[in-house]
Amino acid sequence: MVEDIRFTKEHEWIILKEGGELAVIGISDFAQRQLGDIVSIELPKVGSRFRQMQAIAIIDSVKASSDIYCALTGEVMEINEELLEHPEWINQSPYELGWIVKVKPSDIEEFNNLMTKEQYDKFIGEIEKEKDDDEKIESRR
Amino acid sequence: MLNFHGWEMPIQYSGIIDEHINTRTNVSLFDVSHMGRFEVKGLDAYDCLQMLITNDLSKLIDNQALYSPMCDDNGGIIDDLIIYMIKREKFIVVVNASNREKDLEWIVKHSKSATVENISDKIALLALQGPLAQNLLQKAVVDTNLDRLKPFDLVITNIFGNDCMISRTGYTGEDGFELFFDSSKIDIWNKLIQIGSRFNIKPAGLGARDTLRLEAGLMLYGNDINENTTPLEVPLKWTIKFEKKEFIGKKALATQQVNRKLVGFEILEKRIPRHGNEVLIDGQEMGFVTSGSFSPTLKKSIGFCFVPIYVLPNQLIKISIGGKSYSAKVSSSTRFYKRK
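Chains A and B supply the protein sequences, listed in that same order. Just so it is clear: in the first sequence, position 120 is 120 by the numbering used here, and no numbers are missing. Each position in the second sequence, counted from 1, maps to that position plus 1000 in the numbering used here.
It should be emphasised that the hints constitute simulated quantities derived from the structure, not laboratory data. Predicted model, so just to flag it, every value in this text is computed and none were measured. Be careful, since some hints might not be right.
Among the chain B residues that face chain A by a calculated CB cut under 8 angstroms, a handful are [what the hints assert, rightly or not]: (1) Gly-1015; (2) Thr-1211; (3) Lys-1261; (4) Leu-1268; (5) Lys-1270; (6) Ile-1272; (7) Gly-1276; (8) Ser-1293; (9) Phe-1294; (10) Leu-1298.
Yeah, the Cβ is synthetic: ideal placement off N, Cα and C, and Gly gets one too.
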């Protein structure tokens, strides 16, 4: 990944295109692995406006339903309608075929405050470690 | 790994959908050792169990098994069980993991002179399920012709040279077997996976077990049935044998005014229903979803829900998911999948 990719604590990724005029949003590889087989998605309407971290889409996996949050305040310019037929692309290609929406951001500062790749990897590392610790506690029972 | 009532259980290995489809087309191996297992022995064992269940043990001969709810005095379902009758004086009872302590207490309380032993930790339980299960298992079991083992029959035999009880039972809607053996012999798992490779065997977890049983219309304790549910309200009416002289809950069930029923439904839009979602009829909350998932076989959103008794098959209802309501159609039964 050469582009400047950022992440939210809710596991969305964001890449800026067209000199910051367009933000592509999807969910991270970690998120798709946690969700397991994704079987449907509800997408927003093009032209609708969202505040930062408002729910913008809903993903159903066999295991659970999850809200996807709009990582940046802005207007929806494009949605990945192919996901309606191929929700599994989010599992198979979370950073490419599985992109979810493109948003025109209204405040670029919001992007700069998101986690970098390095920070996000560390963040996931902490989550994995907590899970391991939990499992150790469970297995002592 | 999921902590399931104190057991470390994999929800999935290769993925729920993959494991599900492999069970429907080839064969899968499930470790279901989390289930509770009791041995009930003695001259009173038969009478004790016959009193505890709504179904009728007198229909069994030695080496057969029976599915039944076990109800309280109000007809509420304490648990649903499979009772394996080795002989009239010796039974193995398999119960839900979440109900182990409660069931043991209840059975002991009604055991008269029968002895009840919790053998859950001593005995491992694997389920080998799928259309290729018999062909595969026959390679591991040389002393028994599995053709002769009909659904709900059991046999005490050996597998890879180890003592083993095998029953033709399962929780997937497929042909299949459950294997009971000493928990120190867990290498049987690896051997089955090894010789199963030419049958495309895959290990499967709790996630696929849930989607498989949902398609097959099988109840899950805690989701679809509990102590506030009677067998008359769910598709378990067939398990109540009123002709039996006596059993716990008989009086309450015989006089119950049933005003709700558990039905299957299919969501006509692309959302997955979940346990607890409300059922709306003409805008009014009239019931709730007990189980719901994506059906990998039908590629549809399916589930079970409680609705008033007057609701008919093919009637349109709404399911409320995350504050929005989605159209759904009531099915003619809870069984979405029936093997050929």
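With chain A as the partner, please determine if Leu-1298 of chain B meets the hint condition of a C-beta pair closer than 8 angstroms. At 12 angstroms from the nearest chain A Cβ, Leu-1298 of chain B fails the 8 angstroms test, so the hint is violated.
Per-residue hint verdict: Phe-1294 of chain B, partner chain A, C-beta under 8 angstroms: holds (4 angstroms)
Return the status of the interface hint for Lys-1261 of chain B: holds when the least beta-carbon distance to chain A is below 8 angstroms, violated otherwise. Status violated, d = 26 angstroms.
Cut-off 8 angstroms, beta-carbon criterion: hint that Gly-1015 of chain B touches chain A: At about 6 angstroms, which falls below the 8 angstroms cut-off, the nearest Cβ of chain A leaves the hint on Gly-1015 of chain B intact, so it holds.
Against chain A, with CB atoms and a cut of 8 angstroms, does the hint on Leu-1268 of chain B hold up? With Cβ-Cβ at 13 angstroms, over 8 angstroms, it is violated.
Using the nearest Cβ pair, does Lys-1270 of chain B come within less than 8 angstroms of chain A? It holds, given that the least Cβ distance between Lys-1270 of chain B and chain A is near 4 angstroms, below 8 angstroms.
Closest C-beta approach of Thr-1211 of chain B to chain A relative to 8 angstroms, hint status: Hint on Thr-1211 of chain B: holds, closest Cβ of chain A at ~6 angstroms, below 8 angstroms.
Please verify that hint: Gly-1276 of chain B, Cβ, nearest Cβ of chain A, below 8 angstroms or not. Hint on Gly-1276 of chain B: violated, closest Cβ of chain A at ~12 angstroms, above 8 angstroms.
Hint check: is the beta carbon of Ile-1272 of chain B less than 8 angstroms from a beta carbon of chain A? holds (4 angstroms)
Using 8 angstroms as the Cβ threshold, decide whether Ser-1293 of chain B counts as touching chain A. At 6 angstroms from the nearest chain A Cβ, Ser-1293 of chain B passes the 8 angstroms test, so the hint holds.
In the structure shown, a violation is registered for the earlier hints numbered 3, 4, 7, 10, in ascending order.
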